[in-house]
Every structure is written in C-alpha cells, then in structure tokens.
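Residue numbers (my numbering), protein chains in the order written: chain A, 1 to 182; chain B, 183 to 364.
Please note that a few of the clues may not be correct.
With a straight-line Cα cutoff of 27 Å, these simulated DSS-like cross-link-like pairs (lysine-lysine) come out [to be verified]: (1) Lys360(B) / Lys81(A); (2) Lys360(B) / Lys178(A); (3) Lys215(B) / Lys159(A); (4) Lys78(A) / Lys223(B); (5) Lys260(B) / Lys272(B); (6) Lys272(B) / Lys78(A); (7) Lys78(A) / Lys341(B); (8) Lys81(A) / Lys215(B); (9) Lys223(B) / Lys34(A); (10) Lys215(B) / Lys78(A); (11) Lys12(A) / Lys223(B).
In short, the hints are calculated from the structure, not lab data.
2 protein chains.
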Amino acid sequence: MSQFNEKTITRKTIFQGRIIDLHVDEVELPNGKKSTREIIKHPGAVAVIAVTDNQKIIMVEQFRKALERNLIEIPAGKLEKGEDPLECAKRELEEETGYICENMSLLTSFYTSPGFADELVHIYVAEGLRKKEDSAALDEDEFVELLEVSLDEALQLVKEERIYDAKTQYAVQYLQLKNAVR
Amino acid sequence: MSQFNEKTITRKTIFQGRIIDLHVDEVELPNGKKSTREIIKHPGAVAVIAVTDNQKIIMVEQFRKALERNLIEIPAGKLEKGEDPLECAKRELEEETGYICENMSLLTSFYTSPGFADELVHIYVAEGLRKKEDSAALDEDEFVELLEVSLDEALQLVKEERIYDAKTQYAVQYLQLKNAVR
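Use the sequences and the hints to build the structure in full.
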C-alpha cells in the first residue's frame with residue numbers, strides 16, 4: 001500500500017493557536033496529480049470511562065462553543081505538553097468530577113477525525129472510584145456539571161442526542177458489550 | 183445548564199479552505215472572564231458498516247496525510263454541499279468499494295471532536311450487498327484498497343493499530359455487540 005502515499009511538495013503554516021495549528025500541504029498524489037491537504041495539528045486528549053460501585057456512569061455536561069450547545073460526555077481533556085496520558089486521565093477525572101480512583105487502565109486509543117486532524121484520544125477505564133471529601137478541589141475554570149447516570153439512562157441520552165460525540169458513544173457501547181458478555 | 187453558555191464577543195475568520203474553515207472566537211466565560219475558542223467548521227461526513235453475506239466487513243485502506251500513514255477504515259466520505267447523508271453513504275460505498283446495497287439505514291450520528299470541531303459523522307448500516315459487475319466504476323481519484331475482513335481479523339487490526347480511528351472502532355464494537363446479544 002506504500003504506493004498510495006502522498007508526497008509533500010510544500011507546507012504552509014496558516015495558524016498556530018493555543019490548542020490547534022493549521023497547515024496546508026501541497027501534495028503529489030499517487031497518479032502524479034497535485035492537490036492540497038488541510039491539516040489540523042492537535043496535542044491529543046484523554047477520556048475516562050468511570051462507573052461507580054452502584055453502577056452509575058460518571059458524565060459531565062458542558063457547553064461546546066464549536067457546536068453552540070451543551071453536550072453530555074465522559075470526563076475528558078487535552079494533553080498538556082509532554083504530559084503522560086495516564087496522569088492526564090487521573091487529573092481530568094479529579095478536576096472535572098471530584099472523583100479519584102484506585103485503578104486506571106488504557107482500554108484503547110483512536111484518531112477522531114483522520115481526514116483532517118491528528119487528534120488521538122486515549123480511552124481509560126477507572127475502577128475503585130471514591131469521591132474526594134474536599135470537593136472544592138474542582139478546577140474553578142472548568143464550567144462542567146457532574147452527572148451520574150445508569151446505562152439505560154445513557155442509552156436514552158444517546159437517543160435524545162444529548163450524548164452526541166464519538167468517544168462517549170463508544171464508551172456507552174463498551175458498557176453495553178461488557179454487560180452482554182457477562 | 184444554560185448558565186454555562188459562552189457569549190461570543192468577536193469572531194475572526196482565519197481560513198476558509200476547500201474542506202474546513204477556521205475561526206477564532208473571543209468569548210465571555212460564565213464567570214465573566216474572557217477567553218478564546220479555536221473552532222473548525224466542517225461539512226460533516228458519513229460512514230458505512232457493510233457486512234457481506236459471508237460475514238466479512240468491508241473496509242478500505244488509505245493514506246491519511248494528517249497522520250502521514252495508512253489507516254484501515256470503514257468506507258466513509260465528506261458530505262457535498264446540500265447532499266442528503268443517505269445518498270452520500272450510498273455514493274461513497276459504491277465509489278470506494280464497488281458495492282451497492284438493497285438497504286441502508288441510519289445507526290447513529292456523532293460529533294468527532296466537539297472540543298474544537300463541528301464535524302458530525304452519520305453512521306449507516308448497509309444490508310443486501312452486491313458487488314457491481316463493472317468495477318471500473320470506482321472513482322479514479324480515490325486511492326483506496328478494498329479489504330474484506332472477519333470480525334476476528336478486525337479485532338486483531340485494532341490491536342495492531344492499523345484500525346485506529348473512532349468511527350471504525352465504534353463499528354467493530356457494534357458488530358461485537360450484535361454478535362453477543364444474538
């Protein structure tokens with residue numbers, strides 16, 4: 001399949017932002033024709049599937065400016081520069097929800113939008129959850145609301161398009177599958 | 183939760199490309215502080231879960247410039263302006279794989295990267311698949327290689343990180359779940 005590679009002729013950096021960079025590459029296609037590729041560089045992210053002892057999935061509701069609406073998602077966040085994804089997952093879980101866990105393990109990783117972006121999301125599963133007593137530890141710049149929902153409630157939220165993003169629908173389906181093969 | 187909305191103060195359009203646009207919004211946060219949001223506008227996309235009569239999942243391998251590597255994915259493509267997602271799904275399946283189907287139904291839709299992009303992907307399930315006799319109908323500007331893999335092979339490709347994107351891992355998990363509840 002290496003014959004399908006696209007050779008970079010030039011790269012033009014359009015934007016370097018706080019979170020994303022945008023490049024436009026002029027490329028040579030496998031048939032010798034030229035084209036352009038619009039490419040977003042992103043630091044990557046983590047997300048956490050966290051189910052409490054009484055079988056509630058921990059979610060957060062927050063406003064998403066790109067969509068101009070709220071979404072209900074599993075806890076998640078961007079990687080800081082050089083940050084270990086596992087440490088990032090623990091940090092985001094605690095900052096967004098006030099929960100800490102005994103065990104955090106990597107379930108899978110995936111690119112979210114390989115057609116135009118290099119964002120890679122690492123999905124962790126947290127076990128042995130415990131709410132920190134000092135809930136004032138929540139990050140004061142995180143405007144999120146904590147929700148704890150059953151699997152049935154999560155499936156209903158998918159139907160209502162309030163859960164409406166890839167990582168969270170993947171997480172809900174993972175928990176359905178786990179129940180089904182139990 | 184409406185108290186968490188971010189008010190747009192200004193919007194600056196940085197880039198308008200063939201596929202994506204980039205805006206930077208200056209926003210007022212719920213606590214009155216100001217911040218910026220880097221936002222990618224995308225036309226949306228479709229993807230197709232297609233399983234042949236002999237239980238093979240139809241996939242395509244292609245080079246992804248944003249990642250500088252190949253990925254194996256379910257057939258997918260961007261929506262043309264004003265295009266009906268269902269028609270787009272049928273078109274992409276035929277153009278990328280040479281397969282047509284009797285039935286195509288919407289399984290779910292999800293935002294891929296709600297933190298910075300408005301790309302919405304519609305996932306369809308195709309049934310009653312039939313390979314067109316005239317396979318020269320494949321789009322000559324699509325540099326993709328057709329693969330037909332079993333569910334076990336797909337799970338192995340996930341482990342090997344050759345299947346490595348959200349929509350395809352969602353699709354593989356969907357087929358696992360379907361098998362498990364059968």
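These are the hints, each one checked on the structure:
{"no.": "1", "hint": "Lys360(B) / Lys81(A)", "result": "violated (39 Å)"}
{"no.": "2", "hint": "Lys360(B) / Lys178(A)", "result": "holds (12 Å)"}
{"no.": "3", "hint": "Lys215(B) / Lys159(A)", "result": "violated (35 Å)"}
{"no.": "4", "hint": "Lys78(A) / Lys223(B)", "result": "holds (20 Å)"}
{"no.": "5", "hint": "Lys260(B) / Lys272(B)", "result": "holds (12 Å)"}
{"no.": "6", "hint": "Lys272(B) / Lys78(A)", "result": "violated (35 Å)"}
{"no.": "7", "hint": "Lys78(A) / Lys341(B)", "result": "holds (24 Å)"}
{"no.": "8", "hint": "Lys81(A) / Lys215(B)", "result": "holds (24 Å)"}
{"no.": "9", "hint": "Lys223(B) / Lys34(A)", "result": "holds (24 Å)"}
{"no.": "10", "hint": "Lys215(B) / Lys78(A)", "result": "holds (21 Å)"}
{"no.": "11", "hint": "Lys12(A) / Lys223(B)", "result": "holds (19 Å)"}
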